[in-house]
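K.L.:
Once you've looked at the hints, dock chain B against the given chain V.
Residue numbers (my numbering), protein chains in the order written: chain V, 1 to 474; chain B, 1 to 374.
Incorrect hints may have been included.
Said to hold, decoys possible - According to the in silico footprint, chain B covers these stretches of chain V (three or more CB under 8 angstroms from chain B):
(1) 147-157
(2) 358-368
(3) 371-383
(4) 428-441
(5) 455-469
Since the hints were derived computationally from the structure, they do not count as laboratory data. Given the structure is predicted, the values throughout are model-derived calculations rather than measurements. Where a beta carbon is used, it is the ideal one built from N, C-alpha and C, also for glycine.
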Amino acid sequence: MMSTQDVKLMAHLMRRAGFSATRSELEKFLDKGYEQTVEDLLSPGDPGNMPDDLIRRYHVEQSELRELSGAGAYWLYRMITTNNPLEEKLTLFWHGLFATGYAKLNQARALLNQIDMFRSYGLGNFKDLLIKLSQDPAMIIWLDNNDNHKDAINENYGRELLELFSMGIGNYTEDDVKECARAFTGWTLKNAEYMAMRAGKDSIWPYGRIAWHYEYRNDDHDEGKKTFLGHEGNFNGEDVIQIIVDQHATAKFVATRLFQFFASDDVDSESHDQVISEMVDAYFDSGYEIKAVLRTLFNSDYFKSQECMYSRVKGPVESVVGTARLAGSYQQPHLDVDKLWFQTMFMGQGVLAPPTVEGWHEGVEWIDSGSLVERVNYAAKEFGDTTKSGVRDIITRLSRTYSEQINVPDLVDGCLDLIGPIQVGDNTRDSLIDFVSEFSDNNVLDISSFDSKGSKCVAQTLGLIASTREYQLA
Amino acid sequence: MEKRQKSLVVVQLSGGNDYLNTVVPYGDDDYYDFRKTVRIEQSDVLQIDKMYGFNPHLSPIKALYDQGKVAVINGIGYDNPNRSHFRSMDIWHTALPDEIGSEGWLGRVIRELDPKSENVLTGVNFGRGLPRALGVRGVPVASVGNLETYGLFTDMQDEAEKSLALRAFTHMYGGMGKDSVMEYLGQTGRDALKGADILRTAPAKYSSTIEYANNSVAQNMKSMAQVLLADLGTRVFYTQHGSFDTHSGEIISHAKLWDEVSGAVADFYDDLKEHGRDEEVIVMIFSEFGRRIKDNGSGTDHGSGGVAFVIGSDIKGGMYGQYPSIKQADQLEGDLHFNNDFRSTYSTIIDDWFGLDSVPIVNGQFEKFDFVKA
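Okay, chain V solo, but in the shape it has when bound (with noise of 0.2 angstroms):
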């Protein structure tokens, strides 16, 4: 018999390991237990999403990839219909540190491509994924390394492969950060003058867009004497990338970025510091392996706490998702997906357009009074609909648990619990009562049929609750 308790934990663990769960969901990890579902999450295996031919069939864009917005939309339905949440998720982190976007390369297949290379890598070794990272040909056109040549460095990607992929500001030189460039020279983009050419012309025919590949060219790279970080030698990047990786602040830095997207948005007390240096350890005795880092932080006794429990304000995209995956949305093609993707953008987050090389600014600063009217207005439109399987499924279970005629206290505290469970404040849940007191005069609602008054009560309460300011936050 399961506890509300262990709902709540699972619950929790779902929003920050996946993009929420259903109910159905959360009982089958149940069943399996917290511990096999953290190493189940690690290890991803069919993600049984929706498949490529179906989507073709019905999207052209996401197809040819003329627009970005195509490839936008096909992630997020990779997001919304995967069996391996925590791929997708951490997929999304890597994303967001990596950030690489769609303005400067016009080329979304580049693109998904890397999303994909985020999909393999992930989870593996953390030196792995610096060398695929560096050898990513968007990467290479979005931080200039096919301008960085032997007798010319352009610096730009051994600055941020230091200060924004791997170590953080004040732990390396502006030398270094040019010895770094240097190890980078001669890696490139292959045929990039007919890919330039084909860029010129902006030419999706016959084929859409073609792939791009790596090149290492020996003629182009600096074999010269190099001086990293204290170590002396002719090194090329993979030397200078295990150099990086044994570096503590490389495993300090990678562990508080995980941390501040699995765990808390703030790192400011012993409990958080605590937990970070039990990731760095794990980093270093696994050699690297981001599996055992977040193992470790999904484990620990914080990331189980109640302090944990709603201390990150969800990004766009994770509420964007989630709200689809709880409402039981866009599980078959549907056209309007193309616009959630200028959902995500309207909240701040465009997936495959970071304003920066830095990424979004994350944490509260997701919140704005223009962003927070974009997520309340598409949630309560996502569950305010009956005919969503997500929000039918909700219906039923209520009738089954309740009855078919319901109380209004029963009603939202039934809906509090079936789309989380979720917390909320005494304010909020006297509001809401208020709110279908006064949507039901005050009587028992029929909730026999989904398209009696009570089941739109169902829906527009369950619309009122992704509204709240507890919905905000995972």
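P.N.:
Leaving out everything else, chain B in the frame of chain V:
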């Protein structure tokens, strides 16, 4: 005629605008030596004098300059320049170069203009996502993506249900928050509700002969004109455009960006002029840093020392500050030396335009310019 209150429009050029290719030192041979490919040819420059001239894609701004409406702030920056976008933009936003600040300078201006937060629309950002410059906890700032559709529960068809939902929302966001995040969410929700009701009225009141271009900065400046002309009490308007991070392919992208920005600013100015409101508004254009003196063959890397513009009918046009020397010996690690702190420009606007005390807002006393007409 009733004397109206003064307003400020800020246009942020995100990504680091290339100063040397914006106000071009075309009379300096060194410029052409350092800029082998990413350069503006002498014959294309819109001359200011024998040494300097505007990039041809600033021609609408040049036209305003010729009318004496544009102050060009040359060599603007701050000591120990930071070449990280994020950090440098934060420095400009918080007016704190040496420590991490949490309050935006314009948020503080808004707090001084409206100390009791009587108007949730004293500051309005046009675009998605609030810039840190406007952010001070407890100071309401509306952030408007699309002026036409701004509001809550817009998809609820049944008016009676919608009004119940709005009432519930008001109650839910009215309660005390258990911590600062919940407090902030509550305040933001209440402000959104109030601001939306007022802002939605602006487009209907607007009429103009000006046709703004169909790009984001032009449309955002059109929305600014609509809000300004609707007299909603907005004093600080903000928007951003980019990306000016032109590491490669700069000549093409930089030209397009400036076509858009200078066209939008000139249309906005003309719009205000048409309505006889041009003397109430100044426009400040800035970027987080300039770019390296030597080009990289196709673009330019992050640099220091930049240019800002302040534009309006009540501005004394001309060249301010000094154009930094680009000679090898005078360079700062390949970049321009700044010669006036950006907080001098802020202070001039705060003191001489708004009539406030700049010292607590910009965290110190800075020598002012005299670009604001007395």
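K.L.:
Output the indices of the hints that this structure fails to meet, ascending.
P.N.:
none
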